[in-house]
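**Student:** As they're listed, the protein sequences go chains A and B.
Heads up: the first sequence at position 95 corresponds to 95 in my numbering, and the numbers run straight through without jumps.
Heads up: the second sequence at position 330 corresponds to 1330 in my numbering, and the numbers run straight through without jumps.
Hints are computed from structural coordinates only; laboratory data are not their basis.
Take these hints with a grain of salt, some might be off.
[To be verified] A short list of chain A residues far from chain B (calculated; beta carbon distances all over 10 Å):
1) Asp4
2) Glu18
3) Gly35
4) Glu59
5) Ser92
[As the list claims (entries may be wrong)] For lysine-lysine, the following BS3-like pairs were computed, each having C-alpha atoms within a straight-line distance of at most 25 Å:
6) B:Lys1016 - A:Lys121
7) B:Lys1279 - B:Lys1163
8) A:Lys50 - B:Lys1336
Cβ atoms here follow ideal geometry from the backbone N, Cα and C, with glycine treated the same way.
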Amino acid sequence: MFPDNLKYTEDHEWVREEGGACTVGITAFAAEQLGDVTYVELPEVGAAFKKGDEAATVESVKAASDVYAPVAGHVIETNAELEARPELVNESPYDKGWFFKLDDFDPAQLRGLMNAAAYAKFVEEQGH
Amino acid sequence: MQKTPLYDEHLKLGGKIVDFNGWALPLQFTGIVHEHQHTRARASIFDCSHMGEYRIKGQSAIEAYDRQVISDTSKIPLGRCRYGAILSENGGILDDLITFRMAADELYVVTNAGPIASVTDRICGGNPGAEHVSYETAKIDVQGPLAYRMVMAAGFKDVEGLKYFNSLWTTWRGHRVLLSRTGYTGELGYELFMDNDLAPTLWELFCSMEDAAPAGLGARDTLRTEVCYGLSGQDFDSTVTPLESGMAAFIEWETEFVGKEALMAQRNRGDYRELVAVKTLDRRAPRHEFNVTRDGVSVGVVTSGTFGPSLDHGVGLARVDRNVSAPGTRLTAGPKGLPIEVCKIPIYTKGTCRAAATA
């Protein structure tokens, strides 16, 4: 149900580690709950976050939600495509709908996040 | 939750069901933005069977009803509808409503689901000619530029010539149906009131039409917000008056009604806030209960807000101090200081509700 190669947070972000950086987005479950995404506010490249800092905002017709840094790190790239096409968050949450990339992160923090099976169980326990 | 006679239809169509004032209703079917766009481009079918309906029969019953509402029902011509409200003694809005003049001695009244118990007390209490018919009445709205074609295709020949904010009783396959050219989307559209058991047949007929699609509460909300129609219980309630809720033009000061004294006192003081339309300058949306500020000082509150799919920017309603209520006034809203601008009503101006109805 959720990709096995990703890590997950209780705030429904996913993280993909590749080439020494972490790519961050929101899960298909979160995108489905939000409905049609209409606006994404991305962080500045160069911004430094602690784990749990507000890093981005995602708005849908129904609501606005914050996206938190799943691990501490520096923003090295953001998905500028989302500014013109926020619907990519719904259409392609794990691929074209990514939000930002972090480097200088702590591998221990990454290891502490949920794997796909644990996240699936977490979502189920939330009553969905 | 109470179920409308169309509940099973919504499940069949994959509707996402939510609790709306105690009623199980579809929030969306295919998606809010898609349903919104479909309504503006073609026409959508809405289940509004949760709403309140009353029949007022006889001259004395009409006079008793008249004293409960801010309208002057004697001024509603035969076949016409009039927007109004029912107030508490202190001028607060119990509910907004529409009064239909069906005959010289008959009115039909449409109210909302939330305050139905207290509204029924006010309309029917001590008035034997007033009958509460909500629970046996279903309501299907057909809204969009193709609505006339669809209602005609369904067999409602009386729709021909029916003008905006007019209504009539008709018969459909032997059943009485009230057909009115009213709506909550800004588009050409009709509301059809019927007995519960007729509703599934008519719903399925509309849904089988080529250009029709069902729409839920989500699209209903974005559509009405773009054209700045207030929602009872959200944009106004018993804590605010019609003067504070964009209803000044609908108050008949020459007639007597419950709440009038308090309303006159407020008008004379002139110190009340006003409900205005606001927009953002990008796709971010103002949200319900966002604090509105100017130069760091609180000047009001957002009562409704969403992304406007037909406008491609945020839209909403806000209750603000009168000195910042002029169109063009720049304000900020919410914890992040979202820039908003007061604008003229309606924000979306391309609605077809007053257009000539033709196939």
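**Student:** Determine for every hint whether it applies to the structure shown.
**Tutor:** Here's how the hints hold up against the structure:
With a cut of 10 Å on Cβ distances, aspartate 4 (chain A) stays outside the contact zone with chain B, its closest approach being about 28 Å. Non-interface call for glutamate 18 (chain A) relative to chain B: holds, since the shortest CB-CB distance, roughly 30 Å, exceeds 10 Å. Listed as outside the interface, glycine 35 (chain A) is inconsistent with that label: its C-beta sits roughly 6 Å from the nearest C-beta of chain B, within the 10 Å cut-off. Against the 10 Å criterion, glutamate 59 (chain A) falls within the reach of chain B, whose nearest CB is about 6 Å from its own CB.
Distance to chain B confirms serine 92 (chain A) as a non-interface residue, since its nearest Cβ pair spans about 16 Å, more than 10 Å. Restraint check: the Cα-Cα separation between lysine 1016 (chain B) and lysine 121 (chain A) comes to about 23 Å, which is no more than 25 Å; the hinted pair holds. Between lysine 1279 (chain B) and lysine 1163 (chain B) the CA atoms are separated by roughly 31 Å; this puts the pair beyond 25 Å, and the hint is violated. For the hint pairing lysine 50 (chain A) with lysine 1336 (chain B), the CA-to-CA distance comes to about 20 Å; that is within 25 Å, so the pair holds.
In summary, the numbered hints that this structure violates are 3, 4, 7.
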